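S.K.: Here are the chains, one letter per residue:
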Amino acid sequence: MVTVPEAVIGSDCAYRERFPLPGPGRVVVSVGDMVTPAEIVGYVVERGRVGAIDVAAALRIPARRLHEFLLVKEGQSVRAGELLARRDGLLRPIEVRAPVDCRAMAFGDGVVLLEGFPSERPVRGVVPGRVVEVSAGEGLTVEGTGSLVLASHLMGHEFAGPVKMVAAQPERVLRVEHIDASCHGAVIVGGVGESIAALERAGEFGAQGVVLGSAPGEWANAALPVPVALTEGFGRAPMSRPAYELFDEMAGRVLYAMRRGRRCWLIGPHEGEGKVIFSGGDLATIAEGARVRIAAGEHTGAVGEVTVLSPASSEATIKLARSLVRIPVADCELLVG
Amino acid sequence: MSEEPESMCALDVGSACVKAVLLDRVGDSHRFVARGAAPQVAAVSPFKALSAGLLAALGDLEDNSGRRLRGTDDLPITPEQLGWGVDATAGTVSTGCLEVALASVADDAAGRCAEAALHSVPSHLALKITGREMRAHRDAFERFAEELRNHPPHVVILVGGYDRKPERAVVAGADALATAAALIRPQERPLLVYAGPQAFRPQVAAIVGERMAVHMVDNVAPDERHANPGPLAAELDALCLTAVGRDTPGMGLVHRWCGSAMSTVSRALMRVYNYPGVDVLAAEIGADYTVLARPAQAKALVQAGAGLGQGARALLDESGPRAIARWLPEGLDEKDVADWAMNKSLRPWLVAANPAERALELAFARECLAKAWRSARQAWSDDGRPQPTALPKADMLVIGGGLLARARSAADAATLLLDGLQPYGVCRIAYDTAGLGPALGSLVDVNPAAVRSVLEQDAIAVLGTVVAPAGQGKVGRGCLHVELAMPEGQSLVLDLEAGGITRVPLALGAKARAVIRPARPFDVGAGPGQTLEISLEGGSLGIIIDVRGRPLPDPESLPDRIATLQRWSAALQVPG
Numbered sequence: 001m002v003t004v005p006e007a008v009i010g011s012d013c014a015y016r017e018r019f020p021l022p023g024p025g026r027v028v029v030s031v032g033d034m035v036t037p038a039e040i041v042g043y044v045v046e047r048g049r050v051g052a053i054d055v056a057a058a059l060r061i062p063a064r065r066l067h068e069f070l071l072v073k074e075g076q077s078v079r080a081g082e083l084l085a086r087r088d089g090l091l092r093p094i095e096v097r098a099p100v101d102c103r104a105m106a107f108g109d110g111v112v113l114l115e116g117f118p119s120e121r122p123v124r125g126v127v128p129g130r131v132v133e134v135s136a137g138e139g140l141t142v143e144g145t146g147s148l149v150l151a152s153h154l155m156g157h158e159f160a161g162p163v164k165m166v167a168a169q170p171e172r173v174l175r176v177e178h179i180d181a182s183c184h185g186a187v188i189v190g191g192v193g194e195s196i197a198a199l200e201r202a203g204e205f206g207a208q209g210v211v212l213g214s215a216p217g218e219w220a221n222a223a224l225p226v227p228v229a230l231t232e233g234f235g236r237a238p239m240s241r242p243a244y245e246l247f248d249e250m251a252g253r254v255l256y257a258m259r260r261g262r263r264c265w266l267i268g269p270h271e272g273e274g275k276v277i278f279s280g281g282d283l284a285t286i287a288e289g290a291r292v293r294i295a296a297g298e299h300t301g302a303v304g305e306v307t308v309l310s311p312a313s314s315e316a317t318i319k320l321a322r323s324l325v326r327i328p329v330a331d332c333e334l335l336v337g
Numbered sequence: 001m002s003e004e005p006e007s008m009c010a011l012d013v014g015s016a017c018v019k020a021v022l023l024d025r026v027g028d029s030h031r032f033v034a035r036g037a038a039p040q041v042a043a044v045s046p047f048k049a050l051s052a053g054l055l056a057a058l059g060d061l062e063d064n065s066g067r068r069l070r071g072t073d074d075l076p077i078t079p080e081q082l083g084w085g086v087d088a089t090a091g092t093v094s095t096g097c098l099e100v101a102l103a104s105v106a107d108d109a110a111g112r113c114a115e116a117a118l119h120s121v122p123s124h125l126a127l128k129i130t131g132r133e134m135r136a137h138r139d140a141f142e143r144f145a146e147e148l149r150n151h152p153p154h155v156v157i158l159v160g161g162y163d164r165k166p167e168r169a170v171v172a173g174a175d176a177l178a179t180a181a182a183l184i185r186p187q188e189r190p191l192l193v194y195a196g197p198q199a200f201r202p203q204v205a206a207i208v209g210e211r212m213a214v215h216m217v218d219n220v221a222p223d224e225r226h227a228n229p230g231p232l233a234a235e236l237d238a239l240c241l242t243a244v245g246r247d248t249p250g251m252g253l254v255h256r257w258c259g260s261a262m263s264t265v266s267r268a269l270m271r272v273y274n275y276p277g278v279d280v281l282a283a284e285i286g287a288d289y290t291v292l293a294r295p296a297q298a299k300a301l302v303q304a305g306a307g308l309g310q311g312a313r314a315l316l317d318e319s320g321p322r323a324i325a326r327w328l329p330e331g332l333d334e335k336d337v338a339d340w341a342m343n344k345s346l347r348p349w350l351v352a353a354n355p356a357e358r359a360l361e362l363a364f365a366r367e368c369l370a371k372a373w374r375s376a377r378q379a380w381s382d383d384g385r386p387q388p389t390a391l392p393k394a395d396m397l398v399i400g401g402g403l404l405a406r407a408r409s410a411a412d413a414a415t416l417l418l419d420g421l422q423p424y425g426v427c428r429i430a431y432d433t434a435g436l437g438p439a440l441g442s443l444v445d446v447n448p449a450a451v452r453s454v455l456e457q458d459a460i461a462v463l464g465t466v467v468a469p470a471g472q473g474k475v476g477r478g479c480l481h482v483e484l485a486m487p488e489g490q491s492l493v494l495d496l497e498a499g500g501i502t503r504v505p506l507a508l509g510a511k512a513r514a515v516i517r518p519a520r521p522f523d524v525g526a527g528p529g530q531t532l533e534i535s536l537e538g539g540s541l542g543i544i545i546d547v548r549g550r551p552l553p554d555p556e557s558l559p560d561r562i563a564t565l566q567r568w569s570a571a572l573q574v575p576g
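In the order they appear, the protein sequences are chains A and B. Read the first sequence against this note's numbering and you will find it ends at 337, with the numbers running on by one and no gaps. Read the second sequence against this note's numbering and you will find it ends at 576, with the numbers running on by one and no gaps.
It is possible that some hints are incorrect.
In silico EDC-like links for lysine to aspartate or glutamate, alpha-carbon gap of 20 Å or less [said to hold, decoys possible]:
no., chain 1, residue 1, chain 2, residue 2
1, B, K393, B, E210
2, B, K474, B, D554
3, B, K128, B, D107
4, A, K73, B, D554
5, B, K335, A, E74
6, B, K335, A, D12
7, B, K335, A, E298
8, B, K335, A, E273
9, B, K165, B, D218
Calculated from the structure, these hints are not laboratory results. Here the structure is a predicted model, which means the values were calculated and not measured.
Generate the whole structure from the sequences, applying the supplied hints.
M.R.: If you want it as structure tokens, here you go:
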């Protein structure tokens with residue numbers, strides 16, 4: 001048994017994702033609702049800023065005597081200007097007041113810790129599909145079907161738009177001249193990233209994002225003009241041909257790019273049987289005859305068939321379109337879809 | 001059946017791969033029987049369970065060994081029954097790290113010792129505040145309290161003050177921490193580890209106890225002269241296993257498999273290389289971090305952001321591409337360095353597929369070791385202050401990690417040790433050929449004799465003895481005069497010029513008597529220019545005399561970098 005990760009590239013996938021809220025909050029959709037990544041599905045509580053008032057110093061008392069002079073209780077809401085503590089002075093009382101509307105959260109070491117009132121932050125980013133389960137205050141589960149590519153990485157924010165193919169071949173470098181006004185509002189699918197100038201042009205024409213096979217590693221730390229999803233990884237690897245062909249089929253249809261951990265899910269939702277069950281990229285066992293994608297070395301992105309599997313040497317011989325290559329098994333991914 | 005377990009399964013649950021190894025009695029000693037491995041997809045997919053990689057690795061081991069290890073519930077079959085299962089299981093876990101906030105009453109030895117203790121476990125110092133900042137109750141304290149609330153760490157450490165002259169400031173610090181902790185939701189509140197003056201333990205417990213669980217350990221700085229990071233380090237090591245990843249899906253199954261014999265990698269290395277009378281410095285290059293362990297001195301160091309998987313990107317960001325590219329052969333440059341590091345952070349389980357990727361892997365590994373040693377110089381000093389000139393000097397250096405288990409030649413391992421750690425003087429060098437070190441370390445308490453047997457017979461390959469003088473001299477100038485009395489009776493006299501590496505074949509187990517006369521200012525351990533008479537032991541590479549200088553000249557400063565690197569490689573017969 002040789003175990004490798006799955007490489008999911010499927011035109012008819014069924015997916016189901018449990019989406020927990022990123023903190024305490026509420027879900028605002030119901031079972032049966034259709035949702036997309038752009039929709040607000042819930043709100044989480046965002047707690048207010050913290051402020052500290054050194055009441056003991058202000059009242060000129062030892063820290064241990066703080067409680068004797070406090071006029072509020074832990075957790076109590078106060079308005080701006082409301083008294084927090086007071087001590088009788090020689091001529092007039094010394095008073096400490098709340099600087100803003102807030103709650104007095106904790107007292108200790110002579111200090112009163114204040115917290116601004118909480119606000120709500122909307123939650124988006126679920127997979128496109130139908131809500132099948134809601135756990136009040138915790139999260140929801142969404143199911144859907146569609147074309148799906150488990151991509152390597154997403155740089156920048158999540159994006160969505162109709163697919164616009166600009167690469168005639170998966171190994172073609174994305175250049176400025178490939179991008180024109182027809183890319184406005186679209187997700188551009190190119191081959192290989194090389195120059196940020198092409199991304200700048202994509203940004204100028206209002207593209208939503210770019211999907212490439214690979215791109216230079218230094219892009220990872222750069223401020224990119226448009227978000228970029230990579231199907232293979234960093235370097236000069238061409239886009240895997242099955243992925244390229246799937247995007248070609250999807251031309252004009254909406255594609256969603258969503259970050260999941262270090263990976264990126266590229267989903268083009270559509271009605272279907274959901275022949276391939278996708279659960280986020282599992283481990284799978286491979287044997288001779290399996291179709292695999294190569295994930296490292298000069299053949300990165302190439303797809304072929306395992307002809308020889310040598311567990312003893314941890315190597316596999318892969319039959320590609322024009323050659324046989326021998327690579328470490330650890331560099332193979334089972335092609336699913 | 002004897003009282004000690006006969007058959008054992010050890011797991012190494014890493015952040016790139018999960019490995020499972022089977023040890024059993026073969027004849028009259030214990031031997032390594034088989035291994036299983038699987039990628040750790042949970043490392044890149046947040047909702048994947050750790051159990052997926054664990055079960056896949058166990059399945060692989062079952063296939064390779066022909067022995068069923070799991071029951072229908074996926075739990076271990078123990079003890080061994082009719083050839084099924086094993087007598088004992090154990091393992092190391094190196095996924096995730098301990099998130100820590102440190103409150104130090106003053107910016108003094110106690111704070112430095114606490115940071116040294118943190119360096120001995122996989123940890124991330126997320127927040128730090130001093131007593132002065134706490135007492136001021138201003139911006140720094142507000143930010144600290146807010147960060148503590150928004151991102152509660154696993155542990156808050158409170159230190160400060162000596163046992164003989166305890167200062168009450170640490171009690172006020174405890175009060176401030178308890179106040180800040182009130183902002184955190186009760187179920188998310190961290191544990192407080194108090195490593196300050198013992199006299200104030202009752203007060204600290206009384207102040208903080210209502211809001212945070214408190215663990216007491218010995219003072220990290222009991223007096224002005226002594227540092228005592230050991231007890232705090234031991235406590236943090238234990239917390240790593242209980243606190244880190246406790247909510248990660250599948251961690252429960254990992255705990256069930258490892259049972260009470262679960263260990264961190266650093267602790268496992270400290271146990272497995274603990275040879276009485278021998279000062280071993282062991283290095284393990286992992287996916288996320290690099291570990292240095294020196295059991296004879298009870299010192300360990302975990303260098304976060306220095307690995308060959310997820311740690312490669314952090315290493316690149318911190319050291320910069322030039323620090324890595326300077327070791328690369330012709331045809332590879334800084335762009336390749338960035339691409340490789342990024343790809344390894346996305347798929348940490350990948351294995352070098354060609355000589356170019358191999359060269360990149362070795363270049364990153366050198367920097368991992370160098371960075372770890374730079375940190376060790378500070379963390380291992382007696383007072384927590386850096387020792388800028390210290391070079392590693394030990395009886396034996398051992399290197400391990402997934403990269404070394406795949407090493408195509410012993411020379412790769414020697415290259416890493418010589419370039420990365422830069423040992424000086426005379427020391428033996430070895431490497432872990434099967435990547436068994438951490439797994440065996442977790443089994444030391446289970447059956448120490450079996451572990452020793454497997455380590456010596458199946459894991460460690462002795463490369464030979466290195467002679468490396470400290471000091472630097474002009475290339476081509478006389479550096480070392482060596483007279484060797486070889487075991488067959490012949491004599492060998494070498495006059496070596498600075499700048500190169502020379503190898504003298506000497507078989508494993510054989511010994512040669514050496515008289516080593518360094519020219520000033522070179523020093524082989526007896527002092528600058530002082531003669532050293534010593535017995536040298538052989539290995540697969542024999543005696544390696546490295547007169548390139550210590551510290552090693554920066555390859556980038558060499559007049560003909562590529563040719564020099566090739567010459568150094570050829571001297572150790574590195575392929576490619």
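S.K.: Take the hints in turn and mark each one as holding or not.
M.R.: Hints versus structure:
1. At most 20 Å may separate the alpha-carbon atoms for a hinted pair to count; B/K393 and B/E210 exceed this at roughly 48 Å.
2. The hinted pair formed by B/K474 and B/D554 meets the criterion: a straight-line CA distance of about 14 Å does not exceed 20 Å.
3. Taking the CA atoms of B/K128 and B/D107, the gap is about 11 Å. The hint holds against a cut of 20 Å.
4. With a C-alpha separation of about 63 Å, the suggested pair A/K73 and B/D554 falls outside the 20 Å cut-off, and the hint is violated.
5. As the CA atoms of B/K335 and A/E74 are separated by approximately 56 Å, the hinted pair breaks the 20 Å bound.
6. For the suggested pair B/K335 and A/D12, the alpha carbons sit about 37 Å apart, so the restraint of at most 20 Å is broken.
7. Of the supplied pair hints, the one linking B/K335 and A/E298 holds, its CA atoms being roughly 15 Å apart against a limit of 20 Å.
8. Distance restraint check for B/K335 and A/E273: the Cα-Cα separation of roughly 44 Å exceeds the 20 Å cut-off, and the hinted pair is therefore not satisfied.
9. Under the criterion of a C-alpha separation no larger than 20 Å, the hint pairing B/K165 with B/D218 is consistent with the structure, at around 15 Å.
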